[in-house]
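**Student:** Heads up: the protein sequence lines correspond to chains A and B, in order. Just so you know, we're using my numbering here: the first sequence kicks off at 1 and counts up by one. Just so you know, we're using my numbering here: the second sequence kicks off at 321 and counts up by one.
Simulated from the structure, these hints should not be mistaken for lab results. Mixed in with the good hints there might be a few duds.
What the hints assert, rightly or not - Below, in silico cross-link-like pairs of lysine to aspartate or glutamate (DMTMM-like), each with a Cα-Cα straight-line distance of 25 Å or less:
(1) B:K628 <-> A:E203
(2) A:K215 <-> B:D648
(3) B:K510 <-> B:E534
Small disclaimer: the values here were computed from a predicted structure and weren't measured.
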Amino acid sequence: MEKLGVIEGRKANFQQLSSKYGIVIALIAICAALSIATPNFMTVDNVVNVLRQVSINGILAIGMTFVVITGGIDLSVGSLVAFSGVIVASFVRGGFNILFCMLLAVVASTILGSINGFFVANQRLAPFIVTLAMMTVGRGLTYVYSDGKPISPLTQQYMQIGKGDVAGIPVPVLILLVVFLISFFILNYTSIGRYIYAVGGNEHAALVSGINVNKIKLLVYAISGFLSGIAAIVLSARVSAGLPTAGSGYELDAIAAVVIGGTSLSGGKGRLWGTIIGILIIGIINNGLDLLNVSSYYQQIVKGCIILGAVLLDRSSNKQ
Amino acid sequence: MAEEKYVLEVINISKSFPGVKALDKVNLRIRKGTVHALMGENGAGKSTLMKTLAGINQPDEGEIVLNGKPVKFDNPRESMKSGIAMIHQELSPVLEMTIAENLFLGREFHYNGNIVVNYPKMNSEARKMLEKVGLNINPTLKMKSLTVAQSQMVEIAKAIGRESEIIIMDEPTSAITTREVDTLFKLIEKLKSTGHSIIYITHKMDEVFRIADEITVFRDGKHVGTYPAAELDTDALIRLMVNRELTEIFPEKNGEIKDVKLSVKNLTRKKAFENVSFDVREGEILGLAGLMGAGRTEVVEGIFGVTKLDCGEIFIDGKKAKIRAPSDAIKLKIGLVTEDRKLSGLVLPLCIKENMTLPSLKNLSRFSIVDRKKETAKTLEMANSLKVKTPSIKQLVQNLSGGNQQKVVLAKWLLTAPQILIFDEPTRGIDVGAKADIYHLVMKLAEEGKTVIFISSEMQEILGMCDRIIVFHEGRISGELTKKEATQEKILKLATGMN
Numbered sequence: 001m002e003k004l005g006v007i008e009g010r011k012a013n014f015q016q017l018s019s020k021y022g023i024v025i026a027l028i029a030i031c032a033a034l035s036i037a038t039p040n041f042m043t044v045d046n047v048v049n050v051l052r053q054v055s056i057n058g059i060l061a062i063g064m065t066f067v068v069i070t071g072g073i074d075l076s077v078g079s080l081v082a083f084s085g086v087i088v089a090s091f092v093r094g095g096f097n098i099l100f101c102m103l104l105a106v107v108a109s110t111i112l113g114s115i116n117g118f119f120v121a122n123q124r125l126a127p128f129i130v131t132l133a134m135m136t137v138g139r140g141l142t143y144v145y146s147d148g149k150p151i152s153p154l155t156q157q158y159m160q161i162g163k164g165d166v167a168g169i170p171v172p173v174l175i176l177l178v179v180f181l182i183s184f185f186i187l188n189y190t191s192i193g194r195y196i197y198a199v200g201g202n203e204h205a206a207l208v209s210g211i212n213v214n215k216i217k218l219l220v221y222a223i224s225g226f227l228s229g230i231a232a233i234v235l236s237a238r239v240s241a242g243l244p245t246a247g248s249g250y251e252l253d254a255i256a257a258v259v260i261g262g263t264s265l266s267g268g269k270g271r272l273w274g275t276i277i278g279i280l281i282i283g284i285i286n287n288g289l290d291l292l293n294v295s296s297y298y299q300q301i302v303k304g305c306i307i308l309g310a311v312l313l314d315r316s317s318n319k320q
Numbered sequence: 321m322a323e324e325k326y327v328l329e330v331i332n333i334s335k336s337f338p339g340v341k342a343l344d345k346v347n348l349r350i351r352k353g354t355v356h357a358l359m360g361e362n363g364a365g366k367s368t369l370m371k372t373l374a375g376i377n378q379p380d381e382g383e384i385v386l387n388g389k390p391v392k393f394d395n396p397r398e399s400m401k402s403g404i405a406m407i408h409q410e411l412s413p414v415l416e417m418t419i420a421e422n423l424f425l426g427r428e429f430h431y432n433g434n435i436v437v438n439y440p441k442m443n444s445e446a447r448k449m450l451e452k453v454g455l456n457i458n459p460t461l462k463m464k465s466l467t468v469a470q471s472q473m474v475e476i477a478k479a480i481g482r483e484s485e486i487i488i489m490d491e492p493t494s495a496i497t498t499r500e501v502d503t504l505f506k507l508i509e510k511l512k513s514t515g516h517s518i519i520y521i522t523h524k525m526d527e528v529f530r531i532a533d534e535i536t537v538f539r540d541g542k543h544v545g546t547y548p549a550a551e552l553d554t555d556a557l558i559r560l561m562v563n564r565e566l567t568e569i570f571p572e573k574n575g576e577i578k579d580v581k582l583s584v585k586n587l588t589r590k591k592a593f594e595n596v597s598f599d600v601r602e603g604e605i606l607g608l609a610g611l612m613g614a615g616r617t618e619v620v621e622g623i624f625g626v627t628k629l630d631c632g633e634i635f636i637d638g639k640k641a642k643i644r645a646p647s648d649a650i651k652l653k654i655g656l657v658t659e660d661r662k663l664s665g666l667v668l669p670l671c672i673k674e675n676m677t678l679p680s681l682k683n684l685s686r687f688s689i690v691d692r693k694k695e696t697a698k699t700l701e702m703a704n705s706l707k708v709k710t711p712s713i714k715q716l717v718q719n720l721s722g723g724n725q726q727k728v729v730l731a732k733w734l735l736t737a738p739q740i741l742i743f744d745e746p747t748r749g750i751d752v753g754a755k756a757d758i759y760h761l762v763m764k765l766a767e768e769g770k771t772v773i774f775i776s777s778e779m780q781e782i783l784g785m786c787d788r789i790i791v792f793h794e795g796r797i798s799g800e801l802t803k804k805e806a807t808q809e810k811i812l813k814l815a816t817g818m819n
């Protein structure tokens, strides 16, 4: 074959395709099963409902994907959601311009995310430890700022971000879509995206290739922080409040979606559309079990099993 | 059917990976008490077959017959139990544990009751095992304090201790010194006399003829033939391996040497190297010779900005250069082909294209957006001109053989259009054919007027390639030789500090 010269080539043969799209098949199978089990599942209302529900986790999971591709993890996103949430809520209630309030929220969470990045990149601390600390600090800051009380209600205009829709598509879903498209572009079409993969795949080789590894690491935690701020805006607008308890456990749902989507926790390998499939699988299962009147206690068990199952599926199809 | 005299027979084994047929009905027969060398270019299928024997992967078809009985290994444990031990090219001891703990990993001695580990007994047994391989060190030392050669000996001790009949050695001398090689070969002779069989994989011709009884040659996943070592010589063996004449391993160099391009003064990094000063000219190949750990790699990493220098100055074209990070060095048109492909050369989970363009991606992008068409065109051109053997540039580099991986590393630096190229052990662990390709390429670059620094621990390479040779000993320059003056003996004297 080599005598013909090297060709550009297609990335995959059939076997690789089936492994690559294994989770898509799983998603379709779950949808098919639920459509048969309950007539309420495949309705326009319900589908829109599911999409609305997954949008916050989706925004966070996209940020998490950036971090995980570099071989890191961000446990602080749930706390950052709460922190930005109370900030934006307090300023909205103070009667400030909504855009200004949102900007404040995003700046706040981006700063905290960058602090994560600073300790991971420049101080070479383990991401797990750094973001675990930030998770606690962020939650504490939230309680201090809000005095532990919900900040509500918020203005009708602001609530449109969470509850409104454009041409039948909920605003949170539109926000998720925009975040996804921009992130997809960054990861797949820019040099920065390539560097993110390179840093996760082999940090030392990336360094020797002239990549500013610290800058890339700082950047991904800043992105994760930034998107936590966006998620906080959507969440506070949906519930019409800045809740100091908001977002707890969200980091785990985001990590679960990333893992189900096939991104490797050891870094260097990952795909953004997989993460989207991951959040859809989680969202649809939650929704389906609700429709089937399964108690939320059981839902947790099912979700855990799905995470394990997805990773097993991914590993067995990646084996040669 | 199997005959009595073979301890191990591999019959018509095939194995495919996506896109590659790694083994195509290969055969191998090993006699008791012999050293059987397995030769072939990288990608010929040697490692794949050895992994099959070690139970790491399973064949698609064919049979393994051990002492007359067909066997199947589903995992490494089964292979080990049947008496096959593999000493990997890249050793993987548990560094934080002691030698004794490593030797008895998974089969520790216990006091009665099988709960508490009997350390005194384990340590004394370990000492006996180490003595058998001629290693006089304390078994309670941590594994991380050993040299590569010593760790290798420990692995061999482990293999013997498990009463392995067949020991597979995958390039055991790629990272050890000449003296350590002698010790290893003595041990191999001893193992032979006690009835062990050894499958020996190497790229070094002299070694093969020193110790092998029989030689099997693989080429492109196929079995070419098995010959008594006495019937072959180096030329014949190379012909069998590459199926072409290697008229000149080291090409003649034309082209003139011009002005000083790079000049370093008093480079020092504590505990690594001291007061290193030298000049290199355009069109010149400067060799850095020395034993392993003499500080050569550290010096070039210092120049390239991978590690910080404590003091010293670097001049390019007579102007002082500030290099704080590799990105600065790349801007100054320097390229560093690093010593360890997997550690610092390649991003294994990425594809050929993505690896090749990593240092030059900025030039292929506008406002950070990668020009994919241009990227693909550049990569294809480079892959073809370097003869990278791959069906596609979207192949992940982790699926390539060593020689092809090395070509990807070379390509990656050539794409930055460097003026100064530093090669650190560019032919380590790759086959003759790929080596010759790399020699030609380096010569061509120098002839085009590039400035080349060439680090190698292989004497022949240094002598064959370089216009001038600087020898390092324990972090200092111990001497300088011109191509005419240089001999193996002179270099060795300087390298070992016998002056």
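**Student:** Does E203 (chain A) sit within 25 Å of K628 (chain B), going by the straight-line distance between their CA atoms?
**Tutor:** 17 Å, holds
**Student:** Sort out whether E534 (chain B) lies within 25 Å of K510 (chain B), counting only the CA atoms.
**Tutor:** With a Cα-Cα distance of about 17 Å, the restraint between K510 (chain B) and E534 (chain B) holds, given a limit of 25 Å.
**Student:** Below or equal to 25 Å on CA atoms is what counts here, so check K215 (chain A) against D648 (chain B).
**Tutor:** Since the Cα atoms of K215 (chain A) and D648 (chain B) sit roughly 15 Å apart, the hinted pair holds (cutoff 25 Å).
The structure is consistent with each of the numbered hints, conforming to all of them.
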